[in-house]
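**Student:** Residue strings, one per chain:
There are 2 protein chains.
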Amino acid sequence: MPTGVKITIIGAGSAQFSAGLVRDLCVNPGLHGSHVAFMDVDAHRLAMVMRLAERLAAELKTPLTFSKTLDRIEALKGADFVINTAQVGGHAWTEAQRSMAEKHGYYRGARLHDLPQAAFFLDVAHDMERYCPNAWLIQSANPVFEGCTLMARETKIKVLGLCHGHYGYREVANVLGLDLKDVSAQMPGFNHWIWMTDFRYKGQDAYPLLDEWIETKAEAYWARGPRSFADNQMSRAAIHQYRLFGLMPIGDTPRMVGWWYHTDLETKKRWYGYLGGFDSEIGWQQYLDKMTENVQKVEKAALDETTPVSETFKPVQSDEQIVPIIDCLVNDKTGLFQVNIPNRGPIIQGFPEDLVIECQGVVSGAGIRGVTVPPLPAKLMAGAMIPRWQRAELTVKALQTGDRDLLLLELLYDQRTRSLEQAEGLLDEWLSDPRNEAMARLFKHKQK
Amino acid sequence: MPTGVKITIIGAGSAQFSAGLVRDLCVNPGLHGSHVAFMDVDAHRLAMVMRLAERLAAELKTPLTFSKTLDRIEALKGADFVINTAQVGGHAWTEAQRSMAEKHGYYRGARLHDLPQAAFFLDVAHDMERYCPNAWLIQSANPVFEGCTLMARETKIKVLGLCHGHYGYREVANVLGLDLKDVSAQMPGFNHWIWMTDFRYKGQDAYPLLDEWIETKAEAYWARGPRSFADNQMSRAAIHQYRLFGLMPIGDTPRMVGWWYHTDLETKKRWYGYLGGFDSEIGWQQYLDKMTENVQKVEKAALDETTPVSETFKPVQSDEQIVPIIDCLVNDKTGLFQVNIPNRGPIIQGFPEDLVIECQGVVSGAGIRGVTVPPLPAKLMAGAMIPRWQRAELTVKALQTGDRDLLLLELLYDQRTRSLEQAEGLLDEWLSDPRNEAMARLFKHKQK
Numbered sequence: 018m019p020t021g022v023k024i025t026i027i028g029a030g031s032a033q034f035s036a037g038l039v040r041d042l043c044v045n046p047g048l049h050g051s052h053v054a055f056m057d058v059d060a061h062r063l064a065m066v067m068r069l070a071e072r073l074a075a076e077l078k079t080p081l082t083f084s085k086t087l088d089r090i091e092a093l094k095g096a097d098f099v100i101n102t103a104q105v106g107g108h109a110w111t112e113a114q115r116s117m118a119e120k121h122g123y124y125r126g127a128r129l130h131d132l133p134q135a136a137f138f139l140d141v142a143h144d145m146e147r148y149c150p151n152a153w154l155i156q157s158a159n160p161v162f163e164g165c166t167l168m169a170r171e172t173k174i175k176v177l178g179l180c181h182g183h184y185g186y187r188e189v190a191n192v193l194g195l196d197l198k199d200v201s202a203q204m205p206g207f208n209h210w211i212w213m214t215d216f217r218y219k220g221q222d223a224y225p226l227l228d229e230w231i232e233t234k235a236e237a238y239w240a241r242g243p244r245s246f247a248d249n250q251m252s253r254a255a256i257h258q259y260r261l262f263g264l265m266p267i268g269d270t271p272r273m274v275g276w277w278y279h280t281d282l283e284t285k286k287r288w289y290g291y292l293g294g295f296d297s298e299i300g301w302q303q304y305l306d307k308m309t310e311n312v313q314k315v316e317k318a319a320l321d322e323t324t325p326v327s328e329t330f331k332p333v334q335s336d337e338q339i340v341p342i343i344d345c346l347v348n349d350k351t352g353l354f355q356v357n358i359p360n361r362g363p364i365i366q367g368f369p370e371d372l373v374i375e376c377q378g379v380v381s382g383a384g385i386r387g388v389t390v391p392p393l394p395a396k397l398m399a400g401a402m403i404p405r406w407q408r409a410e411l412t413v414k415a416l417q418t419g420d421r422d423l424l425l426l427e428l429l430y431d432q433r434t435r436s437l438e439q440a441e442g443l444l445d446e447w448l449s450d451p452r453n454e455a456m457a458r459l460f461k462h463k464q465k
Numbered sequence: 018m019p020t021g022v023k024i025t026i027i028g029a030g031s032a033q034f035s036a037g038l039v040r041d042l043c044v045n046p047g048l049h050g051s052h053v054a055f056m057d058v059d060a061h062r063l064a065m066v067m068r069l070a071e072r073l074a075a076e077l078k079t080p081l082t083f084s085k086t087l088d089r090i091e092a093l094k095g096a097d098f099v100i101n102t103a104q105v106g107g108h109a110w111t112e113a114q115r116s117m118a119e120k121h122g123y124y125r126g127a128r129l130h131d132l133p134q135a136a137f138f139l140d141v142a143h144d145m146e147r148y149c150p151n152a153w154l155i156q157s158a159n160p161v162f163e164g165c166t167l168m169a170r171e172t173k174i175k176v177l178g179l180c181h182g183h184y185g186y187r188e189v190a191n192v193l194g195l196d197l198k199d200v201s202a203q204m205p206g207f208n209h210w211i212w213m214t215d216f217r218y219k220g221q222d223a224y225p226l227l228d229e230w231i232e233t234k235a236e237a238y239w240a241r242g243p244r245s246f247a248d249n250q251m252s253r254a255a256i257h258q259y260r261l262f263g264l265m266p267i268g269d270t271p272r273m274v275g276w277w278y279h280t281d282l283e284t285k286k287r288w289y290g291y292l293g294g295f296d297s298e299i300g301w302q303q304y305l306d307k308m309t310e311n312v313q314k315v316e317k318a319a320l321d322e323t324t325p326v327s328e329t330f331k332p333v334q335s336d337e338q339i340v341p342i343i344d345c346l347v348n349d350k351t352g353l354f355q356v357n358i359p360n361r362g363p364i365i366q367g368f369p370e371d372l373v374i375e376c377q378g379v380v381s382g383a384g385i386r387g388v389t390v391p392p393l394p395a396k397l398m399a400g401a402m403i404p405r406w407q408r409a410e411l412t413v414k415a416l417q418t419g420d421r422d423l424l425l426l427e428l429l430y431d432q433r434t435r436s437l438e439q440a441e442g443l444l445d446e447w448l449s450d451p452r453n454e455a456m457a458r459l460f461k462h463k464q465k
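Chains as they are written, first to last, in this note's numbering: chain F, 18 to 465; chain S, 18 to 465.
Fair warning: there could be bad hints in the mix.
Claimed, not checked - Sample of chain S residues at the chain F side, in silico, Cβ under 7 angstroms:
hint	residue
1	261
2	277
3	395
4	399
5	400
6	403
7	404
8	407
9	410
10	411
11	414
12	422
13	426
14	437
As the list claims (entries may be wrong) - Computed list of lysine to any residue pairs in SDA-like fashion (alpha-carbon distance at most 25 angstroms, straight line):
hint	chain 1	residue 1	chain 2	residue 2
15	S	461	S	431
16	S	198	S	248
17	F	461	S	256
18	F	286	S	441
19	S	286	S	248
20	S	461	F	277
21	F	286	S	442
22	S	461	S	419
23	S	120	F	281
24	S	286	F	432
Stated by the list, open to error - Here are some, though not all, of the chain F residues that point toward chain S, as calculated from beta-carbon distances under 10 angstroms:
hint	residue
25	260
26	263
27	280
28	409
29	413
30	414
31	418
32	427
33	429
34	430
35	438
Simulated from the structure, these hints should not be mistaken for lab results. Every residue gets a Cβ at the ideal spot worked out from N, C-alpha and C, and that includes glycine.
Next comes chain F alone, as it looks inside the complex (with noise of 0.2 angstroms):
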């Protein structure tokens, strides 16, 4: 008989997230005992959050324990897993960073929100070594692949990153009507970054599959549009990814990969459909509406106590990963699951053991072991991941170092600066606003 674990979640306020997990607690008996502390800066929320957990809980029958805090110290001491899925600032302050990019000329931004972001994972993985030295940092906030590089080469913390992304591949096997119990894929990279390097369907190689739909359906299907913001897995973008890199692009990678698809609204509707894709003006206000959407579903079913809530969670395991892998960690089970872990191996040849990968990791009480990857092709390496490893590498180093040139090589490397003033001007703006204190303190030095 277990007995139960402590699980942190940093970031609790949203419910959506929050309450998704303690459904999957409900429903991996392995972890019954175990207590969820949630931790928010909005007591609201938190509130919230909790008496949906305890009425789930409830319902479910499931013995669980919950508190709820405001201070991130007593929500990790004698943790056994922290779960950091907070967006520093909110939606609003990585809005305000994109629309001071747009200022200087970075249409749709310039990512300077994942730098404070990828800054405050490491402030809680700092914490962690002092109050769960032991603990397993999940870490579901993105940049995750800066941020987990950067935790994992300052910390002794065990640092894990998750994603959703990889389940991209099903959105391939649907489009092709394929069963997806006969399909199976890998898709090593980085995090928003990884790539088919298998494809199997009954078994066989799937690859041809997916070349005779993009000679003989690809059209039609464009033609359609995309039916959300969320449905660039089979975009036109995706498929002239998969030619000139040689593997097909999986899940957020198509959204990410090319700048020279991104460079307005029209060349973003080409590539991507009416939309634009996830990252135009239009998807990304769809994405924003759908989670505002979210929080009004879910405020809903916590404040409706004449409805079961588990009806609005149903206990059936989730897509989300995080339970299950602290099931086999904490169990001894073992599973294959997506993981973003250090490269040690190397997992993938070419890149730092300290640099954080996306793979296959077998999850078991001995730990996460990643899976071995195949030398990628050289043309997607020369062309795909190393331009990629070098930007992460100038954000990661930037916030190990404080070396405020590294932001600027960054800013100069992104294919939109047309002058060292344009990003000199940019970077400048952004380490003074008020909002951004802990980058300028960071920042301080700056050279001319």
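Using the hints provided, position chain S relative to the given structure of chain F.
**Tutor:** Same frame as chain F, but now just chain S:
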């Protein structure tokens, strides 16, 4: 008593280069008895070089023999050393490729000429595998970095790239007013992308002297302006690079690093002085004029039988490392040189062993052994070395595979590229130019 070796010069029509080499042979007794085979596609210039060489050897009473040929195979047969100094299509074709790129929005060109040039190097190396498989190939025409890497990967020939750029440290010392005999420096990296990792004056770190010069004398130096197109070593751009990356860029490096110094002539002037640096329309024209002037001077010396040619080519060893290196290899002397060789060891950590890097090499009868380099600073790696490596990989893989996508990607990573169409447009025009038939044949599979 040495019996001499056969040294073949491909592209021997440069009288300045060929006669200079003969002069160096005259002053290195260990190589007396050698035979020099001049090969070029220009019979007139070949005849002139032959005459110059014969007169020089006669004047200096040196036992050397010479032959000339338009036939590369004949020149290669039985060679012990092959020096490749040829420029495919000469300056005219290089300039035509530059103009073509300018038309598509690439100010001052897109270095397309490197591609047919490196492909030609590989042709020569392949011929060597048949006709002189044990000979050393000394590559002295550009692109040394990509070209030598390509040959090292695709052939079994012993490849050595040589350049003069590393002597740039002397210019640093001169400007600082240091006596060269008390100065030492180390400058590893990639060819035309080398960084002063160590700089000593009378045994002490001389970087503080550079810092003091920047603080107190640089502005006055810059106000005077450059003396010639080649005067870039202590330019404002070089010092900015030093500040940005933490190490002083040496030789051709300050010309090559940082697109942001090169966006237009005004910007070039700001960073390199009123000539706009070596690579501006002004500086480059000065360079071409200087070349023409040299050719005329050498032609005059060749034709003027009344004046000894040894007055033009004085019997003193030049800065050119070629002959001293051959002397060490042939006669098992030991010397330390600046060489471009495969990164086996690795010599520079973090790069593949089949990439040709620039470093110091101990040369002796045992061959060339690279002197290992301490880890380069993280900032230099992420900010400058990795991106330069990535670009070289695209070039080299493109030439290895004939995959046009890799050329396209290389253009897409050019900071001046504004759209996929722009890159495709230049590539299409370049590949359909009748002068570029070899490249059209190699990249015949055009994927859309």
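**Student:** Failing hints, ascending?
**Tutor:** Hint check: nothing fails, all pass.
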